[in-house]
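Here's the letter readout for the chains.
2 protein chains.
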Amino acid sequence: MKKYIPVLRRTQLFAGVGDEEILAMLDCLQVKAHSFRKGEYVFRQGEHIDDICILAEGRLSIQRDDYWGNRSIINMVETGEMFGEAYAAPGSEVMMNDVAAVEDSAVLFFNVKKILTTCSSACRFHSLVVQNLFFAISEKNRKLMRKLTHMSKRTTREKLLSYLSDEAKRQGRSSFEIPFNRQQLADFLSVDRSAMSSELGKMRDEGILTFQKNRFALL
Amino acid sequence: MKKYIPVLRRTQLFAGVGDEEILAMLDCLQVKAHSFRKGEYVFRQGEHIDDICILAEGRLSIQRDDYWGNRSIINMVETGEMFGEAYAAPGSEVMMNDVAAVEDSAVLFFNVKKILTTCSSACRFHSLVVQNLFFAISEKNRKLMRKLTHMSKRTTREKLLSYLSDEAKRQGRSSFEIPFNRQQLADFLSVDRSAMSSELGKMRDEGILTFQKNRFALL
DNA sequence: ACAAAACAGTTGTATTTACAACAGAAAGAA
DNA sequence: TTCTTTCTGTTGTAAATACAACTGTTTTGT
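Listed in order, the protein sequences are those of chains Z and D.
Under this note's numbering, read the first sequence as residues 11 to 229, first letter to last.
Under this note's numbering, read the second sequence as residues 11 to 229, first letter to last.
These are calculated hints, taken from the structure and not from any lab test.
Everything numeric in this text was worked out from a predicted model, so none of it was measured.
Incorrect hints may appear among the rest.
Any copy, or any two copies together, can satisfy a pair, since identical chains are not distinguished.
Unchecked claim - Cross-link-like lysine-lysine pairs, in silico, DSBU-like; alpha carbons within 35 Å at most:
| # | residue 1 | residue 2 |
| --- | --- | --- |
| 1 | 179 | 153 |
| 2 | 179 | 124 |
| 3 | 48 | 12 |
| 4 | 163 | 124 |
| 5 | 42 | 13 |
| 6 | 212 | 123 |
| 7 | 124 | 212 |
Using the sequences and the accompanying hints, generate a full structural model.
Shown next, in the form of structure tokens:
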């Protein structure tokens, strides 16, 4: 478990917690690690979840496919980010989405009940971690709301501009990379890939933006 | 404050907390109440928020208007529900939406820092309330994700069916009321009201559903 | 280096939507 | 009641989208 400390140190969940305490908690919480190859599923729609998960390595896609094979990407999970927490809460319904590895990945599983129940031993950081959990899930909440504002736009162009300008603002610069290829971006914004591609071309011709691969610049 | 006990007793935030303890906490947390008339704003886009809010009476709409006057309704808040918690967390950005009273309403304001910081007096329920806060925000998270699945549908008909069948499932019956009139439902699903109205008519003619006012039945 | 697969852009067509304008029904106010 | 406002459904048209098919490019695996 020790090899994951450099990642965990930087996570929201363990903000303000020292290395030794993290190690102690990993032990106390009986954290489990598991590897996934590119394309494998971490969770499937309909599964019941008891664990809060942290991505220690790689990249995941939280997505959903409907009857007709239309894929909708809810979010990308980057190294160090948490996921699954919304479904791990006691009384939660089952997982509504798939979680798939888009790269070879490693995931750490934390049992929610153990996190929420202060143990008797030296884990005096439990209450801090619970607070961190609250902050983290708050931020995720806001992220979902931002995504809703993109999705509520009517046209492909508006959705693109809403997302890209938000991303520029978030990354604090007008030139930035996005964690999607074209098909993934289309699935994320729920638009047709080819229509989106042509719309991007038009916007480039109009001098609104430029792009190469997954690097965009707003002008 | 005593008059709000019957409402607060049933909230997620105070689940498992007795009446006397709630009263003690209201005092300890220096909770404030405020009334809003129909049409008034509780919060406005861009405001900074330090309080978790509970709607003690009435009904609110969490919404957003863009430059061109297009309104997007994120969610309706019913009596007893919590709101604002995602923006009240320390380090949060400012409010991204408007919160407007759609009926005469009363709101209770709880300072987040006071909730998260266990005080020295008799409020030994603080940790339970923090846990409740986590469960509540988890549920809201799932609600947002469900909304995203509706919004990710491409056509008005699919959005309607996604939302209505979800609502039927949630309420546990095939005949149910929704908290929207037609314009609000259109703003909630981000579609054109008239197109939605005509789509509803077609679906009724096809025998998929029936409706009178805001009561729908799936067949 | 080569073949296969994945990726990105383009175009044409049928479908669907947004928008505007209007009419009747229902709800609310005087 | 009567008048006014809000709400809901309908229709026609211009605009935007989804879908399919295809091309050339890039990436990947062997």
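Hint-by-hint comparison with the structure:
With identical chains, the CA atoms of residue 179 and residue 153 are at most 35 Å apart both within one copy (13 Å) and between copies (26 Å). For the homomeric pair residue 179 and residue 124, the shortest alpha-carbon distance between copies (31 Å) is at most 35 Å, but the shortest distance inside one copy (37 Å) is not. Taking the shortest alpha-carbon separations for residue 48 and residue 12, only the intra-copy value of 24 Å comes in at or below 35 Å, while the best inter-copy value is 57 Å. Within a single copy, residue 163 and residue 124 get their C-alpha atoms no closer than 41 Å, and across copies no closer than 38 Å, so neither meets the 35 Å cut-off.
In the homo-oligomer, the alpha carbons of residue 42 and residue 13 lie at most 35 Å apart inside one protomer (13 Å), although the nearest pairing across protomers, at 48 Å, exceeds that limit. In the homo-oligomer, the alpha carbons of residue 212 and residue 123 never lie at most 35 Å apart, since the shortest distance is 52 Å inside one protomer and 49 Å across protomers. Taking the closest pair of Cα atoms, residue 124 and residue 212 never come within 35 Å of each other, the shortest separation being 53 Å inside a single copy and 52 Å across copies.
Hint compliance for this structure: hints 4, 6 and 7 are not met, and every other hint is.
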